[in-house]
Each structure stands twice: as C-alpha cells, then as structure tokens.
Amino acid sequence: MQVEIVQKIHVDGEVNRARCMPQNQALVAAKTSDSEVYVFDCTKQLVNARGGSCDPDLRLRGHDKEGYGLSWSPFKEGYLLSGSNDCKICSWDVTAMPQNKILEANNVFGGHESVVEDVSWHLKNENLFGSVGDDCKLMIWDLRTKMPQHSVVVHEKEVNYLSFNPFNEWVLATASSDTTIGLFDLRNLSSPLHALSSHMEEVFQVEWDPNHETVLASSADDRRLMVWDLNRVGDEQLEGEAEDGPPELLFSHGGHKAKISDFSWNENEPWVISSVAEDNTLQVWQMSESIYRDEDDIPSADCR
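Counted from 1, the sequence shown has number 58 at position 58 by the UniProt record's numbering; the numbering is strictly sequential.
Hints in this document: simulated from the structure, not taken from any laboratory.
Ideal placement from N, C-alpha and C gives every residue a C-beta, glycine not left out.
Do not rely on the hints blindly, as some may be mistaken.
The following label-pair restraints were derived from C-beta to C-beta distances [as the list claims (entries may be wrong)]:
no., residue 1, residue 2, range
1, T95, D55, 19 to 27 Å
2, Q25, P270, 30 to 38 Å
3, S190, C20, 17 to 25 Å
The calculated lysine-lysine pairs, modelled on DSS-like cross-linking and capped at a C-alpha distance of 27 Å, are [said to hold, decoys possible]:
no., residue 1, residue 2
4, K146, K157
5, K8, K44
6, K44, K124
7, K88, K101
8, K44, K88
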C-alpha cells in the first residue's frame with residue numbers, strides 16, 4: 001500500500017486536531033495552539049504551502065483558549081462543534097461565509113467545570129451531542145434546550161474522548177486517564193455496561209469500527225493502539241492467555257515509537273486503520289486475516 005501527499009496547508013502553530021466535513025471532504029476544520037478554529041477549503045488553498053503563510057478560508061471565534069474537541073454534524077451540513085480548555089463548547093454554521101472570513105459562535109454551552117476534552121454529535125439524532133472533560137463528567141446535550149440532559153461522573157480521572165456507536169443509538173464509549181475505556185447505555189448512565197482494561201497509560205482516543213457493530217479501537221500514552229471485540233466479553237481463556245489481556249482484546253498494535261496523536265478506521269476497507277504519532281509518522285495497517293476472520297462470519301450482535 002502506497003500513501004502519497006497530495007496537498008500541504010500552512011497552519012500557524014501545532015495542529016491539535018483536524019476533521020473533514022462529511023458532506024464536503026474539501027472543507028477541513030483545524031484546532032491549533034490558538035483559540036480560533038480554522039476552516040480551510042482545500043480547493044482554494046495552494047497545493048504546496050511550503051514557505052507560505054496561514055490563510056484560512058474562515059476563522060471561527062468564541063473560545064478563549066486552545067483545545068482538542070472538534071466534531072462536524074453528520075446531519076446538518078456546515079454545523080461544527082468545538083470544545084476547549086476554557087471549559088466552553090461552541091457551535092457554528094460555516095455555511096454563513098462572511099466577507100471578512102470571521103465567524104462568531106452562534107451558540108456557547110457552559111456546564112463543564114474544567115477543560116472540555118472532546119465533543120461529538122450523536123449519529124442517530126441530529127439535535128443531540130455529547131461532551132467529556134477533565135471534571136470526569138460525560139454530558140449529553142440537546143441543541144433545542146442548550147442545557148445538558150445528563151451530567152454524570154463516569155470515570156475516576158479525566159475523560160479525554162467519547163464515541164457514539166454508529167449502529168446502536170443507545171451505546172457510547174469513553175476514553176479516560178484512568179487507563180480504561182468505559183461503555184455506557186444512554187438510558188442508564190449511572191453505571192457502565194463494561195470497562196475495557198489493558199492499556200498501561202492514559203487513554204486518549206476511542207473509535208467504533210464503522211463496519212462491525214461490536215468492534216472498537218483505542219489509543220493511549222503507552223504507544224499502543226488496541227482493537228476490541230465486545231462479542232468476546234466473558235469468553236473462557238486457556239491457561240496463560242490472560243497474560244496477553246482479556247478475551248475481548250482482539251489485537252494490540254505496537255508499531256509506533258511515540259504517543260499516538262490520532263487514528264481513523266477506513267470505512268471502505270474493513271479492518272484497515274491509519275494512525276499518526278508524535279514522532280511524525282503515519283502508519284496505514286491491517287490486522288492479519290487470521291485474527292478477524294471469525295468476526296466476519298458472525299452477525300452483528302445487539303449491544304443492548
């Protein structure tokens with residue numbers, strides 16, 4: 001497999017997170033070390049930005065500090081959520097392109113008592129989104145009320161990421177500095193469905209497999225990217241197998257030499273993951289077929 005760079009865009013400072021708009025992949029939002037969120041139209045940016053200056057097509061204002069949380073709505077084109085270190089969540093509609101290229105937030109949500117680490121739109125309900133933060137809380141919001149419907153302490157330490165299951169409207173996963181991934185049902189957030197434990201350091205990201213309902217992956221400060229299958233929770237293990245992790249741990253990728261900054265499942269190629277790390281490396285990889293072959297023969301299970 002060969003990966004080719006087709007475009008470079010100059011950005012001032014470090015890029016904390018970047019996400020393409022699902023309805024138009026040419027629009028890219030970026031969270032940087034600045035408080036503003038940048039939006040770039042790749043069709044209007046130079047192909048090679050070497051030596052150039054940062055010239056976003058839109059600057060989104062509303063935050064006072066930098067951050068990482070960033071999520072495009074899968075339903076409403078141009079709707080963008082952001083969470084930052086100022087404890088705030090902001091939203092914009094970037095279809096309103098002002099001439100001066102500056103857009104103020106149309107909504108600001110306050111509820112977290114500390115850094116908002118991540119935000120995510122619900123994948124089945126266009127009005128719902130979730131947020132997590134250093135106050136150890138998971139909050140579920142409704143755009144129509146601007147108040148959290150749920151506010152629950154879900155981990156013992158900071159919650160760094162959340163991911164809604166693309167198949168099951170009730171199930172979500174959280175990643176925490178307590179080294180675990182929490183699995184929750186929106187109808188009963190007071191206690192987790194299950195906790196995934198095998199990472200040795202803080203867990204910073206968790207993403208559901210877009211092709212298999214019960215499969216998800218997580219990355220942590222231990223430089224590991226782990227793939228899990230909930231169908232295997234509770235399976236019996238042979239003597240010595242437990243030393244490699246719980247039965248639901250499908251695979252542990254140890255190819256990176258530094259903290260994994262971000263990763264993504266390939267929707268069009270099942271079981272393919274791309275991951276980037278702080279040693280400036282990009283890896284595109286796939287588990288051995290012998291590991292996941294049985295999973296493709298089993299129909300998706302209902303997580304409920």
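- Message: Under the constraints set out in the numbered hints, which ones does this structure not fulfil?
- Response: Hints 2, 3, 6 and 8 contradicted; others consistent.
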